[in-house]
Each structure stands twice: as C-alpha cells, then as structure tokens.
Amino acid sequence: MTALEVRLLEKRYGAVVALAGVDLTIAPGELVGLIGANGAGKSTLMKIACGLVRPSAGTATVCGAPAGSRAARRGLGYLAELFRFPGWLTAAEVLALHQRLAGSTRGRTERDELLELVGLSDAAHRRVEGMSKGMQQRLGIAQALIGDPKLLLLDEPTSALDPAGRRDVRALLLGLRTRGIAVLINSHLLGELERVCDRVVILADGCVVAAGAPKELTQTGGVEIQTGNGTWRFPHAARADIPQLVSELVSDGVDIYEVSVIRSTLEDAYLETLERE
Amino acid sequence: MSATLIVARHAMQETVRRRVFVVVLVLTLLFLALFTVASAKAFAAQTPFGFGNEGQITPGDIASITTVTLLGLGMFGSLFLATVLGVFLTLGAVRGDAERGLLQPLVVRPLGRRQFLLGRFVAAAAVCIVYGTLLYAAVLVIVHQAGGQWPGHVVGPGAALIAAVIILVALSLLGSVFLSSTANGIAMFMLYGAGLVAGLLASIGAAIGAHTVQTIAHDIAIALPFEGFYQAGLYGLASSQAGLARIIINLGPFGAPQAVGVTFYFWAAVYLALAAVAATVGFERRDL
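In order, the protein sequences belong to chains A and B.
Under the working numbering, the first residue of the first sequence carries the number 2, and numbering increases by one thereafter.
Under the working numbering, the first residue of the second sequence carries the number 19, and numbering increases by one thereafter.
Since the hints were derived computationally from the structure, they do not count as laboratory data.
Keep in mind that a hint or two might mislead.
Under 7 Å between C-beta atoms, here's a sample of chain A residues computed to sit facing chain B [what the hints assert, rightly or not]:
1) Arg71
2) Arg75
3) Trp89
All values derive from a computational prediction rather than experimental measurement.
Ideal placement from N, C-alpha and C gives every residue a C-beta, glycine not left out.
Construct the entire structure; sequences and hints are all you get.
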C-alpha cells in the first residue's frame, strides 16, 4: 500500500490556482523532497494530504484512506511551516498532549525517546516560551513522530536550525527510512534534499514539472583536474574519459594532484527547470 | 479519555497556567468589595417617600425595592463579568489560533473538528458556570447581610443568568470560526450592548405604554436570547413584589415587566443548536 497517493489534485483559492492537477505517489520508506518557488503549491499539497485544506478536485489518500479522514490522520505526522505550541506548556507536556490526541499508549518511554532523538532530553521540562526557534522546531519534529506515523509530512523542518541541527535532522530522516516511514519534505535548502532524498519533485505554478532521483535530475558538467600547472577543465569529458585524460597528461610530464567529475547541483537543475518552464 | 475531554482539559489547563483565574479572582474580589460597600450604604440611606396624597410607601416596601434593585445590579455585574470571562476564553478559539499556528498541530490529530469545538465549549462553559454561580451566590449573600432579605426566587434567576452566559459563550465560539480574534471580541461586546439596550427599551416601552418600542425590544430579545434570560432573571428576583413597589422596580434599570414563556426556552434551545450546527459546518469547511 502506498503511503501517499495523489491523483489530479487541484486547489483553487478564488481566482488563484494553487494546484493544477498534481499526481504524486510515495512508497513506504521513501524519502521525497518537494521543491518549488514560493506560491508553487508545496504547502497546499501538504495541507491537503493532512486534511487541513480541502481539494477543489482530484483525490489524495494516505495509507489507503481518504486524506483528512480520521483513519488517514492516524497514519501521519505533520510539522507545519508556521506552527506554534502553547508557550505555557513544557516540551514533555506538548508531547503528552499529542500522545493523548493521537491515542498513543507508549507514555513516558515514547516521550523520552523522541526528545532524545531530536536532542532535547535536557529541555524536557522547559517551557516552550523559553525555547529558541530552533529548539521549537526540534520539538515540532518530535511531535510529528508521535504514534509511529507511516507518513511524515515536514514543511520546512530545518529553516530555523543551525548546521549541526540540520545534520541531526538528516541523520534522523535517514533513520526513518530504515524503519519504513515515508517522508515528504518541503524545503528551500536544496543541498539538504539532494543529500537525503530518494526522489525530488519540482513544482511550478501548481504543476509537477520534473521528478526523479537527485542524480537523474543533475547532470555531469565535465571533468576537473588539478595539476602542477593549475586547474584544467574538460567540459565535454565524462567519468569514463578520466583514465585516458590522466594517461595523456602524465605522458606529457604534467603532475596531477586531484581529479573530479563536475556535476550540476540540484539547485542548478531546479533553476534550469524553472527557466525551461 | 475522549478527544472532547482532552481538548477541554487542555483549554482549562491554559486558564490556570496563564493565571487567568488569579486575575479574575482579584478583580472579582474588588467588584464584590465595592458591591458590599454600596449595599451597606444603600440600606443605610433609604428613607420613606410618598406620591402626593395618594399613598405612602412603607419602610418595608423601600427595603424590598432596595433589595431587588441591588440584586438586579448584582445580576447585571455578574452577567457582565461572566461574559467578559467567557468571551475572552473563546474569541480566538478557531480562526485566531489558526492564524497564530496553534490550531494546525492539534486538528491534524485523529479527532474531529466537531469534537474540538465541543471541547472548547465545554471548557469555557464549565468555567463560566462555576464563576457565574459563585458570583451570583456572593451577591445574594451580600444583599441579605446588608438588608436582611432574600429575593422571591433564588434558583430560577441564577439558572437564567447561567443560561445567558452559556448562549454568549456559544455565540463567541461561533464567531471565532468566522472572525479574527479582534473582530470577534468587538462583535461580541456590541451584541452584548445591543441586548442590554433592548432590555432597557422594553422597560421604557412598558412604562410609557409604547407598544412599538416593546415589539422592537421583544424582537431583539428573540434574536439575542441571552437578553431574554437576563430579563427572566430580573423578573424572578422581583417576583415576590407587588403593587406600587413592583411598579417602581419596573421603572428602574433592573426591572423586567414580564416573564418569558415556555416558548422562549424552547426557542433558546433551538438557537443554541443552530449556533452549534453553524459553528461545526463553518469549521468543517474552513481551510486551515
């Protein structure tokens, strides 16, 4: 059973078209990145999947149940882009509240595990109002993981995190994949997505304009060789050409220090895709 | 624990943690202290007066008029304070909390939006029922200590006061589905003011025999049943009075010229149900 299946999904806010027929399938354990410009429809897609927004047309199912139904909401965890927890609750109390609402019976064990997972063990009894934005985002991720969801929807989960925090979230996401939890992550930090996602979906004006593994979307941009005479670039060469190139240079008496294949980044691919559109 | 009770408990916990009760307690004690002084002074200052040669009001009548007027004032104060509490507990329950990002993490959990609304209503209504009852009881005791009299009916007016507050809480929760916190707060207090004006219009209309004014006041009371309950409470407080004393009470700001009938209670129940349906449907259809 797919974790998320979206077919011909449309959403209109009056005259504004947020989604214009999106198709998307996420398998269990798959980590999918969602990228696009502001207003491309990323957050709307996520909100429809978790039942916060009603689609104008099309269907969305979560673990086989219609998005927004109680059965669907039992199977997912969600971290909104703009969220807030009551400032008067402590981190442990936030999780306890969501455990009760999610029907989780794992009690303190689950809370302690999740707080440790996001690096907030020492802040379990700290009130939310006394936490930094980064700490609140970590708490938001812990909250989304309550009740062992089958699908995790993360809308800009690392926007307030420092580099160490982002590294922790990357490790966390990779760990979730091994547990069979599907993740749909929306982020403008394309480097982060490139490093962890199995697949990336690019949205523009409410449509999927490109999708595939990061390596499929990015392209080789030649070979770069650092020599004793400086850095030489061979823009039309591929990985397979490296032995011959090195051999020729060595035979010409050039000292070689480093050879690397130049690939375009996901950011390059994303910008190229948008320009084509 | 059901989702409704979880939400209600969460909302109640918020009122405790954010020291709402402390603020309410302090200000209520201030109100009661002022009311105690006013009651004592009113009974001490009462003097017999007459209406030309037609009749003299007896000291007993004056004590009754003072008692009922003070109780009416106490009921007005109780309703106002309980309304302030109820409105502020609910005015941002849906749209306000959604705009602040507090609502979304809760409603994606497997609880129905209907249950969420019911939980918020239960919490606010419970707080207001307890508060309104205690305040009303305190008013009765203060007036009795000052003047030595109890009203003709005790339970009925208290129940009417609570019913009025419950309707106001329901309206505030309904408003929170469609309006931002500020707009809802303004709307609620304007409705509250409109209701009170309607009550005063009814008294004036009855005193001068203006049926059109009475009809307008009656129609407003139907549209805003909390005012009907308030009038029913005032009527109950003065129900043991008769003759000239009753006329004088009805001419004052806390007089209620007529009782409400069974039809009104039925209408109030329907009104509450309609508010619940409108709030639920509106919330279910709202994109967050």
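Cross-check of the supplied hints:
no.: 1; hint: Arg71; result: 5 Å, holds
no.: 2; hint: Arg75; result: 5 Å, holds
no.: 3; hint: Trp89; result: 4 Å, holds
Checked against the numbered hints above, the structure breaks none of them.
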